[in-house]
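Student: Quick note, the sequences are listed as chains A and B, same order.
Heads up: the first sequence begins at 1 in the numbering used here, then just goes up one per residue.
Heads up: the second sequence begins at 1001 in the numbering used here, then just goes up one per residue.
Errors might be hidden in some of the hints.
Unchecked claim - Between beta-carbon pairs, the in silico distance windows are:
hint, chain 1, residue 1, chain 2, residue 2, range
1, B, TYR1115, A, GLU300, 33 to 41 Å
2, A, VAL268, B, GLU1034, 47 to 55 Å
3, A, SER254, B, GLY1103, 56 to 64 Å
4, B, ARG1023, A, PRO198, 47 to 55 Å
5, B, ARG1061, A, LEU205, 37 to 45 Å
6, A, MET199, B, GLU1015, 26 to 34 Å
Unchecked claim - Not the full set, but computed from the structure, chain A residues with beta-carbon under 7 Å of chain B:
hint, residue
7, THR21
8, PHE94
9, GLY163
10, GLN164
11, ALA166
12, TRP168
13, LYS218
14, ASP222
15, THR301
Worth flagging that the hints you see were computed from the coordinates, not collected in a lab.
Glycine residues also receive a C-beta, built at the ideal position from the N, C-alpha and C atoms.
Here is how the chains run, residue by residue.
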Amino acid sequence: MTKLIRVLTATAVLPGAVLVTAGLLASAWADRLPDPIATHWNGAPDGSTPAGVFVTVCLALGAVATAILAVTAVAALRRGRPVPRVTAGVGAGFAALAPATLISVLVPNLDVPDWHAARGGSVVVLFLVGATALGVVAGFVGGLPSPVAEHSADRPSVGLRPGQRAYWSGRAANPAMLWALALVPVAIALLPAGLSWPMAVWIALVGTFVTAVTYRLKATVDAKGVTIRFGLFGFPWRHVGLSSIREATARELSTFGDTGLGLRFNPVTGTTAYKVRGGPAMALALESGRTVLVSVDDPETGAGLVNDLLAQRTTRID
Amino acid sequence: MLVRIDPASTVPLFEQVAASLRRALADGSPAPGEQLPPARELAASLEINVHTVLRAYAALRDEGLIDLRRRRGAVVIGGASARARLTELAGELAGEAKRAGIGFEELTGILKEKYS
């Protein structure tokens, strides 16, 4: 129950309080505002919107964002999934953004005869910082790991004995992606009424860069943990410390399912995928309740070594 | 590829590293043209001296399994898989012959007979 209260506080009560405050202030200030009000600044006010429309739209956006956030978070909690800090924090900050913007727009419009006379809009920074701070607080209050799950029955092992040391490296590549991304700009350039040459060259360069970064990856396992490196330059990369891993398993991924190709993060399930192709992948279940998926050849061996090193860690006396 | 060592074993560490890599090469992963992990990285992961790893790589080069290049590191040579498997089998064969008290001349005699 306390978990539900924490999640609801972060995703409904905090952004909801901002929403209600914004609504009360807007109605209390109704007599002190010009109509229309200044809603855009470029040094001086240069755009206006009818006060009623602006207030309604901002409050509606805030209400919808808060509702979506709270429903998603509670649904995740009900299914025993983690509510990552980042998700709760960014969600709450985002939900508070529209009401914060509303107040920051109303304040410079107070007690002016006409929207042209509105004061500078720099006060918006203050409210954006406020929304960010609210996001940080919500992240700390509402971020929850998933309940500790039982170890999987089919936990792979490589039979590492006490005292032995080991290193594993696995890789995966997607040559089809290489071809597809190389051919896309050519196809675009050759289309009737296609792009200008500089634009085609630019797209080709970006395509080549993206391909070089994401068409293959390498994962290594040793006593320090799991390191994942993408592409030709070994970037983006990530190191998952052994102490933050609960267990490792091997699993089959579909090419476009399981969050899709590339470096993906699903905020609802807390799953991060490092994926260059479908097929065999190593799945790391973290202590925090999140999951890290790595598409890599021969994942049984890599996952087995992770599990054996974890077992060694619990028996070893340092 | 899985490299496994046992510091408590009487077998020298470089031989253990070479044996693990030979096993991986025999299984065809890494494939010809691919690289072995950088010696420094492997040494750090196994908590052993980098020269121990380099010695293992030199042994694999002498067996004709990998090519050591200044820029590209340790690259697997074409046909390394079959050669690695043969080297492993030959190692077992020699060990078995020694245990059975069969001399080198006698062993090569058996081999010649089987090969023809």
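Student: Among all the numbered hints in the text so far, which are the ones the structure does not match?
Tutor: Of the numbered hints given earlier, those the structure breaks are 2, 6, 7, 8 and 13, listed in rising order.
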